[in-house]
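Protein chains: 2
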Amino acid sequence: MPKEVITTRAKDYNQWYLDIVREADLAEVAEVVRGCIVFKPTGWAIWEMMQRALDDRIKETGHSNVQFPLLIPKSFIMKEAEHVDGFAPEVAEVTRAGGEDLTEPYVIRPTSETIIGHFYSKWIRSYRDLPLLYNQWCNVMRWEMRTRPFLRTSEFIWQEGHTAHVNEAEAEAETLKILHEVYADFAEQVMAVPVIRGLKTENEKFPGALRSYCIEAMMQDGRALQAGTSHNLGQNFAKAFEITYTDHNNTVQHAWTTSWGVSTRLIGALIMTHSDDEGLVIPPRLAPIQVVVVPIFKNDAEREKVMATVHALTSTWKGVLRFKIDDRDNLSPGFKFNEWEMKGVPVRIEVGPKDVEKGSVAIARRDIPGREGKSFVPQEGLTERIRDLLEAIQQALFERALRFREQHSADVQSYEELKVQVERGFARAYWAGSSADEKRIQEETRATIRCIPLDQPGTPGICVYTGKETTQQVIFARAY
Amino acid sequence: MPKEVITTRAKDYNQWYLDIVREADLAEVAEVVRGCIVFKPTGWAIWEMMQRALDDRIKETGHSNVQFPLLIPKSFIMKEAEHVDGFAPEVAEVTRAGGEDLTEPYVIRPTSETIIGHFYSKWIRSYRDLPLLYNQWCNVMRWEMRTRPFLRTSEFIWQEGHTAHVNEAEAEAETLKILHEVYADFAEQVMAVPVIRGLKTENEKFPGALRSYCIEAMMQDGRALQAGTSHNLGQNFAKAFEITYTDHNNTVQHAWTTSWGVSTRLIGALIMTHSDDEGLVIPPRLAPIQVVVVPIFKNDAEREKVMATVHALTSTWKGVLRFKIDDRDNLSPGFKFNEWEMKGVPVRIEVGPKDVEKGSVAIARRDIPGREGKSFVPQEGLTERIRDLLEAIQQALFERALRFREQHSADVQSYEELKVQVERGFARAYWAGSSADEKRIQEETRATIRCIPLDQPGTPGICVYTGKETTQQVIFARAY
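Quick note, the sequences are listed as chains H and X, same order. FYI, in full-length UniProt numbering the residues of the first sequence are 1 to 480. FYI, in full-length UniProt numbering the residues of the second sequence are 1 to 480.
Note that these hints are calculated values from the structure, not bench results. Keep in mind that a hint or two might mislead.
Because identical chains cannot be distinguished in the list, a pair is counted as satisfied if it fits within a single copy or across any two copies.
Below, in silico cross-link-like pairs of lysine to aspartate or glutamate (EDC-like), each with a Cα-Cα straight-line distance of 20 angstroms or less [stated by the list, open to error]:
id	residue 1	residue 2
1	Lys59	Glu48
2	Lys318	Asp56
3	Lys122	Asp25
4	Lys336	Glu302
5	Lys74	Glu100
6	Lys74	Asp101
7	Lys374	Asp388
8	Lys122	Asp19
9	Lys336	Asp129
10	Lys59	Asp326
11	Lys324	Glu60
12	Lys122	Glu23
13	Lys439	Glu423
The structure presented is a predicted model; accordingly, all values stated were derived computationally and were not measured.
Start from the sequences, fold in the hints, and give me the full structure.
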């Protein structure tokens, strides 16, 4: 596996991304199923790690998992006006089954608000049935024109939470709780990806939502990636599907609902935040293998000596570290180093005959390639040292990504400055423009308002486009 | 939730099953999507427990998880002759997507041998690439005519393992390893469901397999339920999809493949093995809630005293026991007892004002309803006592199910005896008949050969149907 198989980022960022996906055994484009991918072992193992960490947070915040059908009667998609416009053009339709044409076609769920709305209308009767706090992990399908592994695929895997509440305040609190306690916390603490929490503009919100919140991350090419969304759906779906409840005064009311999701596109965000020209870089909390141990020997006598040390060193690691001993006989240490670097394993331990004599090992950090990240340490206390190092790497990756974002973000005072800044990263701008203004800017610059950050300066300024005074700042960027 | 909502087993076993599914909050029939169900919180939580235990075993036996696309080009299904006959009649077809008719339709996977075969043919080049040991957790769809929650639904969730090997011996060893170390071990140790391990006859094997192995369980009405299958696919799919490798002698060979799966129908098996007229019974190792604590009080003063004891007793339980404190104020203890009995929680702890004074609690076993399963024990050492009790319950459920199966199994010497025995359970019979004989017996008795048990008597006997001498025994039963 020679290193040249990965194009450098400087040369071609898009090709670099595809090379990483292929060489790190993450995924393969399934050319026989339009716009779909096969998740290969490392890619799926990372997703399982993500899923576990997200699922823990979803359950800790009081939600239960359920599972609704894959198919939705086509008529359901048509019931909520904005939702139709948003999703009807990109659904896949099942028109035949069991050898017969169906009288009413089904669509493969592009998202499940409609079918879940149907069931919520049956299950919810009284204020005592609320809040209803459910989530599901499943596959969904949107027939996308231009696809890219993880970032945009026809079929993708995600979780979608769907909740129902007695009033707007509770629905809003739920929407924000998910944004902060589940999504932003997961992105920053587990993925080591710093995110901006904000509100979507009308142009960018979910079809059918009252308000959409999001977390936005910056990739290494300065573009934004929407890493998760949480929607206050107001009473829109409750009205379309007649989700009603009887309140304390025995009056029938429409419920307020929310929905929120993150998907396998997070794997794309992970790659484009941390990886480098040597291959994948995975933060320790998500790494399926955190430590790889490579024994080094030239003959059977050395092998025996080295392996005895390796087994002694790792004897207490089960359940403490996720590790692998790479004792394959037919490959050179150099080949193995490259392979595990390519696959993003955070820490590599090398043990050779001299290490056995000296009571030392070599330890190499994946986040700092080359000599700089390598050191020689005593075997004594190795487990503790590795655990500390994993925490340090987790922290260092987050800080590096945060520094990168700060270096590639700037306040812009004019439309000219905005045009220049979106070439290199995020442009923070005061904004009092219309949806039409926003669309015009998109046509001219390919940048959109990624979000209205929840964290606002609180001081007034001049709108970058209309020249009006306003207190509202937004983030403009090109997006994935 | 009055108990009368559950029909007794004696009165109507099928209705009893549907009542349990509904009242224990396991699933709801999704009448708007033909043959599908919604998995409700308790049902899905049990599946998550099953999934975790199975996934651990699948990984421990050396397999990696991956994920292939939901859709399969329709032409793929047609490539393996037996597979076409088995699956083509029951697929759901996607004929339109993104607003256009598709030139080649896709089918929603009924099982993934074909699309995985396509990729394996690309990935496998040399004997060094083998064995390839992959598994996926996913949804599949088979347009079934008669459906029943969990047992037979159009969409279901399962795992499907797909492996490729250099020769027949290795494929056969894999097939049997999965049968014993993954499926039978999980069924008996985790589900507390005793199973018979056996080989399917030609009539009952997987379409496209060389040999199909299975585990068969007995339900409380004496009928058999196939709880998992493991197939040696021979070279059938390797030939249909050109999965070839170069061997040590540089000769191109077809690989040998296997596939194996268990599904959400296991939830049906769980219900019909252990549950009773009071509701669901879940073995402790699968119970999302193992212990429910019900505080008993009449006024605020009592409430305060009782809850202090409850919190003290449970303070060390997190991470040790899966438990819930049911401190809902608006419901009576009796109502709560019924509800948790209905939902199958293995152990109930009751704490009232007298218990606080006496330093005791009441402890009730779900597997022994009524007074007989209830005792009063000291608060001291409660955690240890509960852990021991959970193990005892797990064991007792297995033994009860095993005793039931033995009591409802019999050796039969004649076709007349066979006809009588399949009315009440399993009929063990010597068998030297043909596939046509087997079909005739099915028409006349509704019983089929569930399997040829791996455990054979080794002594000859007379075939129950043809009168020929043979050493082969089989199990006849009616099946779900």
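At most 20 angstroms between CA atoms: does that hold for lysine 318 and aspartate 56 within a copy, between copies, both, or neither? For lysine 318 and aspartate 56, only the inter-copy Cα distance (14 angstroms) is at most 20 angstroms; the intra-copy one is 22 angstroms.
My question is about lysine 122 and aspartate 19: at a cut-off of 20 angstroms on alpha-carbon distance, are they close within one copy, between copies, both, or neither? between (49 angstroms within a copy, 18 angstroms between copies)
Status of glutamate 302 relative to lysine 336 across identical chains (alpha carbons, at most 20 angstroms): within (18 angstroms within a copy, 67 angstroms between copies)
What label fits lysine 59 with aspartate 326 when the C-alpha limit is 20 angstroms: within, between, both, or neither? Only across copies: lysine 59 and aspartate 326 sit 18 angstroms apart there, 36 angstroms inside one copy, limit 20 angstroms.
Between the shortest in-copy and the shortest cross-copy C-alpha distance, which are at most 20 angstroms for lysine 336 and aspartate 129: within, between, both, or neither? Between copies only: 17 angstroms across, 57 angstroms inside.
Same-copy or cross-copy closeness of lysine 74 to glutamate 100 [CA-CA at most 20 angstroms]: both (17 angstroms within a copy, 15 angstroms between copies)
When no copy is named, should lysine 374 and aspartate 388 be tagged within, between, both, or neither for a Cα gap of at most 20 angstroms? within (15 angstroms within a copy, 50 angstroms between copies)
Cα distance capped at 20 angstroms. Does lysine 122 pair with glutamate 23 within a copy, between copies, both, or neither? Classified as between: cross-chain Cα gap 16 angstroms, same-chain 49 angstroms, threshold 20 angstroms.
Please work out whether the CA atoms of lysine 59 and glutamate 48 approach to 20 angstroms or closer within one copy, between two copies, in both situations, or in neither? both (16 angstroms within a copy, 13 angstroms between copies)
Identical-chain pair category, lysine 324 with glutamate 60, by Cα at 20 angstroms: Answer is between; shortest inter-copy Cα gap is 14 angstroms, intra-copy 31 angstroms.
Between lysine 122 and aspartate 25, at a C-alpha cutoff of 20 angstroms, which is it: within one copy, between copies, both, or neither? between (45 angstroms within a copy, 14 angstroms between copies)
Up to 20 angstroms CA-CA - aspartate 101 versus lysine 74, copy category: So lysine 74 and aspartate 101 pass the 20 angstroms test inside a copy (14 angstroms) and across (16 angstroms) alike.
Violated hints for the displayed structure: none, as all numbered hints are satisfied.
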